[in-house]
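Novice: What follows is each chain in one-letter form.
Number of protein chains: 2
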Amino acid sequence: MESSLIRVGMLGCGHVGAALAVLVAERRDEVARRTGLDLSVTRIAVRNTAIDRDVPVNDDAFTTDAASVVADPEVDVVVELMGGIEPARELVATALSSGKPVVTANKELLANHGAELYALAEANGVDLLFEAAVAGAIPIMRPLRESLAGEPIRRGMGIVNGTTNFILTRMTDEGASYADALAEAQSLGYAESDPTADVEGFDAGAKAAIIATLAFGARVVAGDVYHEGISGITVDDIEFAADLKHCIKLLAVAEQTVDEDGRSQVGVRVHPTLVPLDHPLASVNGSFNAVFVEGEASGDLMLYGRGAGGRPSASAVLGDLIDAAGNLHGGHGAVIGDLEPVRIAPIDDVTSAFYLNLEVDDRPGVLAQVAAVFGEHGVSIRSMEQEGLGGEARLVFITHGAQERDLRSTLEDLRSLDAVRAVGSVLRVIGD
Amino acid sequence: MESSLIRVGMLGCGHVGAALAVLVAERRDEVARRTGLDLSVTRIAVRNTAIDRDVPVNDDAFTTDAASVVADPEVDVVVELMGGIEPARELVATALSSGKPVVTANKELLANHGAELYALAEANGVDLLFEAAVAGAIPIMRPLRESLAGEPIRRGMGIVNGTTNFILTRMTDEGASYADALAEAQSLGYAESDPTADVEGFDAGAKAAIIATLAFGARVVAGDVYHEGISGITVDDIEFAADLKHCIKLLAVAEQTVDEDGRSQVGVRVHPTLVPLDHPLASVNGSFNAVFVEGEASGDLMLYGRGAGGRPSASAVLGDLIDAAGNLHGGHGAVIGDLEPVRIAPIDDVTSAFYLNLEVDDRPGVLAQVAAVFGEHGVSIRSMEQEGLGGEARLVFITHGAQERDLRSTLEDLRSLDAVRAVGSVLRVIGD
Chain A
19 MESSLIRVGM LGCGHVGAAL AVLVAERRDE VARRTGLDLS VTRIAVRNTA
69 IDRDVPVNDD AFTTDAASVV ADPEVDVVVE LMGGIEPARE LVATALSSGK
119 PVVTANKELL ANHGAELYAL AEANGVDLLF EAAVAGAIPI MRPLRESLAG
169 EPIRRGMGIV NGTTNFILTR MTDEGASYAD ALAEAQSLGY AESDPTADVE
219 GFDAGAKAAI IATLAFGARV VAGDVYHEGI SGITVDDIEF AADLKHCIKL
269 LAVAEQTVDE DGRSQVGVRV HPTLVPLDHP LASVNGSFNA VFVEGEASGD
319 LMLYGRGAGG RPSASAVLGD LIDAAGNLHG GHGAVIGDLE PVRIAPIDDV
369 TSAFYLNLEV DDRPGVLAQV AAVFGEHGVS IRSMEQEGLG GEARLVFITH
419 GAQERDLRST LEDLRSLDAV RAVGSVLRVI GD
Chain B
19 MESSLIRVGM LGCGHVGAAL AVLVAERRDE VARRTGLDLS VTRIAVRNTA
69 IDRDVPVNDD AFTTDAASVV ADPEVDVVVE LMGGIEPARE LVATALSSGK
119 PVVTANKELL ANHGAELYAL AEANGVDLLF EAAVAGAIPI MRPLRESLAG
169 EPIRRGMGIV NGTTNFILTR MTDEGASYAD ALAEAQSLGY AESDPTADVE
219 GFDAGAKAAI IATLAFGARV VAGDVYHEGI SGITVDDIEF AADLKHCIKL
269 LAVAEQTVDE DGRSQVGVRV HPTLVPLDHP LASVNGSFNA VFVEGEASGD
319 LMLYGRGAGG RPSASAVLGD LIDAAGNLHG GHGAVIGDLE PVRIAPIDDV
369 TSAFYLNLEV DDRPGVLAQV AAVFGEHGVS IRSMEQEGLG GEARLVFITH
419 GAQERDLRST LEDLRSLDAV RAVGSVLRVI GD
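Those protein sequences? They're chains A and B, same order as listed.
Numbers 19 to 450, taken from our numbering, label the letters of the first sequence in order.
Numbers 19 to 450, taken from our numbering, label the letters of the second sequence in order.
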């Protein structure tokens, strides 16, 4: 097969970028033999050209002028790995407008400006591919993108943040406290010194927005995502959940539902969740990621793998790069097309089962009072466990599916009962 | 977007075929809106046109003359769902030779004649797609096919036969005997009245050959696959495995290794295997399938979902159909290309850990004798459990990695010891 040279311009050369430059060089011959595409990284924009990056690329390829890489007529495909919104947005938009395909791993960019960029890619007949933006090496974006046409999706649920999954796994396996598990994650480089974006669910929220956009062809942005983090989870919660044959995972959930008036809406949220131990998501431990998809015809699917790391993410970028390069001369990949404006389900409308943990006086009649409050708000109890604590008792409930608003008013009334000393964690539960 | 009509000719209209005809009709408008492809099933070859099939296709589309469907100038894409080798092979070859893309779910055909058909597709510049041939709805063929270029794979391990996984899950969860679990699978329609192809690993073996072919770009056929089935697995084995924190799964394994002389070789085999309970494959239960892939750069990936069933398999066929149709006018998908002849690793060369279960006399010195035999053959013991049975004892071993040939000679010598009354199951174990 005759090879055609594909000149790759990279924006950014951090962890993933450096791994990509190495991977492209390592695989060059094999990729050319298999696909006829001779990939070569010819330009790299970085903030500081003085740093020695130890990548197999000529020194004169480096520049601090990112716009010049995009504009270079000798760059065929642009790979954006700089992160953040500006100037990445403008550079990507310029590349697409000038007919250059773009591969990116930038979740913030897509979660905030995806719709305009997908439209720009389509208008210019070029690819905008981003397999590495959600769940690193896991091939999830492509099946979702292609699903728009062939396979309506009811719901996607993902463990898409490795830091929080590492922390929750440590708390579960070692009985470590949240603070200790976080400190360990920080010392291993899995968590940043300010861990807010991970532990409060912002990172997972951006990914949830991208998943919802692709799964439902709907305009969903990061700001639409409801989120709760894991900083309030205690070892007690994890132990109670284990007694009930569940583990606790931070899930990003995107689902298509209808509101009371029958209007279609999309729910997108991130929160700690009780997952039954026999559910495939329960086996996703440590820094691994997974996305569980409920397709209308395909049934349940789960895609599992490394959600981060230079080489795993670079492998996903390389896959996109081969696709985009292959489409340079004729055709391009599955089109995301026009995204429809969509009603975002208010969190009050969402129905799920709940786990509640109450400290109450240990005397006759208390359970009846508590149960009556659930009943008044139409919240039905699936299971209850009681344990004495000497003078007080702990009641652990799992409810049947209930609306958030009903659960919230149940909680208000429970808190006003004299016999209820404290309402502990309230967590959502996934089921069958 | 302007739609172009794509006329689909189907060969066969059984379970998957009927579901496909329904799915194509259901999704027609949405597929056209998203992709510009207006799919229509216009011809269907069946064995008997008198059967009412309740599919949304005109009666005059049906014919018993399969060759006429392939030859029809008004058929743009051929979908082969008849199964078996002939006449499917000839029909698929004719379609490809005349420049028509083919989508098939026929694992026997690909496991025996894949190389010639992939070459024919490439020579004619058309697609031959077969996502549904292995693990039904799970998107595994595409990542493997594309991996040929970008991502060298070290090993693939799959639970790719739902019948045997259902039986093993029943034995594990309910303590059912093999015979009872098989009978239940038969009564539910999961197992055929002659279950040999499933329980002895032939079905999984054909899929293993296809996985090995795509993962390694190597010519591997069904006859190259070593296989052992599950009919010898007892409830005792499952319980001993559980004590050792393992479950038992029938795995299809394809791996790239080197022989003693440093020559590259491919090992392909199907056998019952002890899987650690915290391995993601351990959570794949009932009739679900999964393929676990160890990629060189991507790291571990697992793809999980429905391995069979009309609608799940039809959803995979529809995905391929959209791809093939989209490529009709310019370009085609990732090329499998020329498959290299490859050395198939003899089973004696394969290294793995083993589980062994021995009944021995319960008297001093027996364990020392048994341990000496392992030592003579260089097989190292990772763990041992002993339980008294009154007069006799049971020894359950897990070894470190050992070559099959050494394990085999160990077993011969163990059988010749007076103190060894019986050698029970010998099973392979996967580890980290």
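Hints are not guaranteed to be accurate.
Which copy is meant is left open, because identical chains are indistinguishable; a pair holds if it fits in one copy or across any two.
Stated by the list, open to error - In the DMTMM-like style, the derived pairs of lysine to aspartate or glutamate whose C-alpha atoms are separated by at most 25 Å in a straight line are:
#1 263 with 72
#2 263 with 358
#3 263 with 44
#4 263 with 405
#5 263 with 367
#6 263 with 212
#7 263 with 403
#8 263 with 92
#9 263 with 104
Derived from the structure by calculation, the hints contain no laboratory data.
Since this is a predicted model, take the numbers as computed values, not measurements.
Novice: All hints, please: hold or fail.
Specialist: Verification of the supplied hints:
Neither within a single protomer nor between protomers do residue 263 and residue 72 lie at most 25 Å apart by alpha-carbon distance, with minima of 49 Å and 44 Å respectively. Taking the shortest alpha-carbon separations for residue 263 and residue 358, neither the intra-copy value of 40 Å nor the inter-copy value of 49 Å comes in at or below 25 Å. When the C-alpha separation of residue 263 and residue 44 is checked against a cutoff of 25 Å, the pair qualifies neither within a copy, at 46 Å, nor between copies, at 40 Å. In this assembly of identical chains, residue 263 and residue 405 lie within 25 Å of each other by CA distance solely inside one copy; the values are 17 Å within and 30 Å between copies.
For a Cα distance limit of 25 Å, the shortest separation of residue 263 from residue 367 qualifies neither inside one copy, at 27 Å, nor across copies, at 42 Å. Taking the closest pair of Cα atoms, residue 263 and residue 212 never come within 25 Å of each other, the shortest separation being 33 Å inside a single copy and 38 Å across copies. Taking the shortest Cα distances, residue 263 and residue 403 sit within 25 Å of each other inside one copy (13 Å), while across copies they are farther apart (28 Å). With identical chains, the CA atoms of residue 263 and residue 92 are never at most 25 Å apart, being 58 Å at best within one copy and 57 Å at best between copies.
For the identical chains of this complex, residue 263 and residue 104 are neighbours neither inside a copy (46 Å) nor across copies (51 Å), given an alpha-carbon limit of 25 Å.
When held up to the earlier numbered hints, the structure conflicts with 1, 2, 3, 5, 6, 8 and 9 and fits the remainder.
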